[in-house]
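**Q** Now for the letters of each chain:
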Amino acid sequence: EAGVAQSPRYKIIEKRQSVAFWCNPISGHATLYWYQQILGQGPKLLIQFQNNGVVDDSQLPKDRFSAERLKGVDSTLKIQPAKLEDSAVYLCASSLGAGSKNIQYFGAGTRLSVL
Amino acid sequence: QKEVEQDPGPLSVPEGAIVSLNCTYSNSAFQYFMWYRQYSRKGPELLMYTYSSGNKEDGRFTAQVDKSSKYISLFIRDSQPSDSATYLCAMSGVGTGNQFYFGTGTSLTVIP
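Residue numbers (my numbering), protein chains in the order written: chain B, 14 to 128; chain A, 125 to 236.
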């Protein structure tokens, strides 16, 4: 079974530029998550999708971050404009359902450096 | 107070040692408890998954949950250099909005 795919693996941009990350979840997984992991910290949930609808985006900085999952499969996360403090690893995860017992499977992440 | 507290380490042990990793939490609504292992420059991979209190064993790994003390542990027996990674605890529950709450991770190095 293929895992969660993310691209690119690494991205270096200057502050105020824009950047986009892509995620393809495990086939059949209805729920998709984007997390931000700053060095030395645990993952922090940015947004959760159930199929193509948003379940939770309470911690997404909406003035600069946006995400979509138009067809309920792939998802993109965008940052515009980027700030220095956005330097982190952006992890995508997926699970069969949205319930608390559903195990989340993670991709390898996209490491973003904002200079 | 954070929802989940985890000692960041770093922890360094000789090969063959027994390792104990721990997390404490404050929300009694947590019911599902997980340990993820994260190698450098990789995403977290699920290691252990337990429901409610008790022990679960899988090979050299044992997960222990004590809900009365709000304390979970992961034990690694006969530790190997390949166990060198960051270990993240995570927990969730119906009463917590179904979110996963992660610890900050403990960095473990097993020295050959």
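Since the hints were derived computationally from the structure, they do not count as laboratory data. Be aware that one or more of the hints could be misleading.
To give an idea of the interface, some chain B residues facing chain A are shown, with a C-beta separation under 10 Å as derived from the structure [unchecked claim]: (1) Ala-33; (2) Trp-35; (3) Gly-53; (4) Gln-117.
Capping the alpha-carbon separation at 30 Å, the derived lysine-lysine pairs in DSBU-like fashion look like this [what the hints assert, rightly or not]: (5) Lys-96(B) to Lys-180(A); (6) Lys-180(A) to Lys-24(B); (7) Lys-191(A) to Lys-75(B); (8) Lys-180(A) to Lys-75(B); (9) Lys-166(A) to Lys-114(B); (10) Lys-75(B) to Lys-194(A); (11) Lys-91(B) to Lys-166(A); (12) Lys-28(B) to Lys-180(A); (13) Lys-126(A) to Lys-91(B); (14) Lys-194(A) to Lys-24(B); (15) Lys-114(B) to Lys-180(A); (16) Lys-114(B) to Lys-126(A); (17) Lys-96(B) to Lys-194(A); (18) Lys-91(B) to Lys-180(A); (19) Lys-191(A) to Lys-84(B); (20) Lys-166(A) to Lys-75(B); (21) Lys-24(B) to Lys-191(A); (22) Lys-96(B) to Lys-191(A).
Just so it is clear, CB atoms sit at the ideal spot from N, CA and C, and this is done for glycine as well.
**Q** State for each hint whether it applies.
**A** Verification of the hints:
For Ala-33(B), the suggested interface contact is broken, since its CB lies about 19 Å from the closest CB of chain A, more than 10 Å. Hint status for Trp-35(B): violated, given a least beta-carbon distance of 15 Å to chain A, over 10 Å. Using the Cβ-Cβ criterion of 10 Å, the hint placing Gly-53(B) at the interface with chain A is satisfied: the shortest such distance is roughly 7 Å. Given the 10 Å rule on beta carbons, the hint for Gln-117(B) holds: about 6 Å separates it from the nearest Cβ of chain A.
Straight-line distance between C-alpha atoms of Lys-96(B) and Lys-180(A) comes to about 43 Å, which puts the hinted pair past the 30 Å bound. For the suggested pair Lys-180(A) and Lys-24(B), the alpha carbons sit about 40 Å apart, so the restraint of at most 30 Å is broken. Restraint check for Lys-191(A) and Lys-75(B): the C-alpha separation of about 36 Å exceeds 30 Å, so the hint is violated. Taking the CA atoms of Lys-180(A) and Lys-75(B), the gap is about 41 Å. The hint is violated against a cut of 30 Å.
For the hint linking Lys-166(A) to Lys-114(B), the alpha-carbon distance of about 24 Å falls within 30 Å, and the restraint holds. A threshold of 30 Å between alpha carbons decides the hint, and for Lys-75(B) with Lys-194(A) the separation of about 34 Å lies outside it, so the pair is violated. Of the pairs offered as hints, the one joining Lys-91(B) and Lys-166(A) holds, with about 21 Å between alpha carbons and a cut-off of 30 Å not exceeded. Only pairs whose Cα atoms come within 30 Å are accepted, and Lys-28(B) paired with Lys-180(A) is rejected, the gap being roughly 47 Å.
Between Lys-126(A) and Lys-91(B) the alpha-carbon distance is near 28 Å, which keeps this suggested pair within the 30 Å criterion. For the suggested pair Lys-194(A) and Lys-24(B), the alpha carbons sit about 39 Å apart, so the restraint of at most 30 Å is broken. The straight-line distance between the Cα atoms of Lys-114(B) and Lys-180(A) is roughly 16 Å, inside the 30 Å bound, and the hint therefore holds. For the suggested pair Lys-114(B) and Lys-126(A), the alpha carbons sit about 22 Å apart, so the restraint of at most 30 Å is met.
Straight-line distance between C-alpha atoms of Lys-96(B) and Lys-194(A) comes to about 37 Å, which puts the hinted pair past the 30 Å bound. Note on Lys-91(B) and Lys-180(A): the hinted pairing is violated, with a Cα-Cα distance of about 40 Å set against a maximum of 30 Å. Our distance criterion of 30 Å between C-alpha atoms is broken by Lys-191(A) and Lys-84(B), whose separation comes to about 40 Å. Taking the CA atoms of Lys-166(A) and Lys-75(B), the gap is near 27 Å; set against the 30 Å cutoff, the hint holds.
At roughly 42 Å between alpha-carbon atoms, Lys-24(B) and Lys-191(A) are farther apart than 30 Å, so this suggested pair is violated. A C-alpha spacing of about 41 Å is found between Lys-96(B) and Lys-191(A), which places the hinted pair above 30 Å, so the restraint is violated.
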